[in-house]
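Colleague: All chains, full assembly: derive it from the sequences and hints.
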Amino acid sequence: MMMMVMMLLFSFQLAFAQLSSEYYYSTTCPRALSTIRTAVTKAVFKEHRMGASLLRLHFHDCFGCDASVLLDDTSSMKGEKTAGPNAKSLRGFDVIDTIKSQVESICPGVVSCADILAVAARDSVAMLGGPSWMVD
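Mind the numbering: the sequence shown is residues -17 to -1, 1 to 119 in mature numbering (1 follows the signal peptide of the UniProt record, and there is no 0), read in order.
Certain hints may be false.
Straight-line distance between alpha carbons at most 25 Å, and here's what the computed DSS-like set of lysine-lysine pairs gives [unchecked claim]:
| # | residue 1 | residue 2 |
| --- | --- | --- |
| 1 | 25 | 83 |
| 2 | 71 | 83 |
| 3 | 61 | 83 |
| 4 | 71 | 25 |
| 5 | 25 | 61 |
| 6 | 64 | 83 |
| 7 | 29 | 64 |
| 8 | 71 | 61 |
| 9 | 83 | 29 |
| 10 | 29 | 71 |
If you anchor each label on the Cβ, the simulated ranges turn out as follows [claimed, not checked]:
| # | residue 1 | residue 2 | range |
| --- | --- | --- | --- |
| 11 | 90 | 45 | 19 to 27 Å |
| 12 | 55 | 30 | 17 to 25 Å |
| 13 | 95 | 60 | 28 to 36 Å |
| 14 | 17 | 58 | 31 to 39 Å |
| 15 | 89 | 29 | 18 to 26 Å |
| 16 | 7 | 46 | 19 to 27 Å |
| 17 | 109 | 51 | 19 to 27 Å |
| 18 | 46 | 113 | 31 to 39 Å |
| 19 | 59 | 112 | 40 to 48 Å |
Treat the hints as calculated values from the structure; they're not laboratory data. The beta carbon of each residue, even a glycine, is placed where N, CA and C say it ideally should be.
Modeller: The following block contains the structure:
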């Protein structure tokens, strides 16, 4: 039995992976980051609280256990947007949906909603005088 366990353990090869660099979209969708920044600027200028709302939305999306908070309802499933804990609590879905539509029109199927939300949160915080960080 011990021999079988050892053979099984050593039969797997190690794999290494790395997230895409911050420059990934400079080649795959060069206008993505500026499109996101422009839309965030408009949203935060219209309502300053939206900066905090986008950061909070990113937190809940990034640290959620079951699914993205950006999921819409379907005929067979209740989405996370309208789920009890999120429905009257999280804001900014419309901003992210607008940005996703704009980015999809220039680079269909390239930029994920999660990346859009991460970049939007970063840009909104920096725009309001907070720190900035790299989004990988």
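Colleague: Does each hint hold? Answer for all of them.
Modeller: Structure-based check of each hint:
1. 25 with 83: holds, 15 Å
2. 71 with 83: At roughly 22 Å apart (the allowed maximum being 25 Å), residue 83 and residue 71 satisfy the hint.
3. 61 with 83: This hinted pair holds, its Cα atoms lying about 21 Å apart.
4. 71 with 25: With a Cα-Cα distance of about 23 Å, the restraint between residue 71 and residue 25 holds, given a limit of 25 Å.
5. 25 with 61: Outside the cut-off at roughly 30 Å; violated.
6. 64 with 83: Measuring from Cα to Cα gives roughly 16 Å; hence the hint holds.
7. 29 with 64: holds, 22 Å
8. 71 with 61: holds, 15 Å
9. 83 with 29: Holds, at roughly 19 Å.
10. 29 with 71: Measuring from Cα to Cα gives roughly 21 Å; hence the hint holds.
11. 90 with 45: 19 to 27 Å: holds, 22 Å
12. 55 with 30: 17 to 25 Å: holds, 23 Å
13. 95 with 60: 28 to 36 Å: For residue 95 and residue 60 the Cβ distance comes to about 20 Å; the hint is violated.
14. 17 with 58: 31 to 39 Å: Roughly 37 Å apart at Cβ, these two residues keep to the hinted range, so it holds.
15. 89 with 29: 18 to 26 Å: holds, 22 Å
16. 7 with 46: 19 to 27 Å: Taking Cβ atoms as reference, residue 7 and residue 46 lie about 23 Å apart, which means the hint holds.
17. 109 with 51: 19 to 27 Å: Taking Cβ atoms as reference, residue 109 and residue 51 lie about 23 Å apart, which means the hint holds.
18. 46 with 113: 31 to 39 Å: violated, 19 Å
19. 59 with 112: 40 to 48 Å: holds, 44 Å
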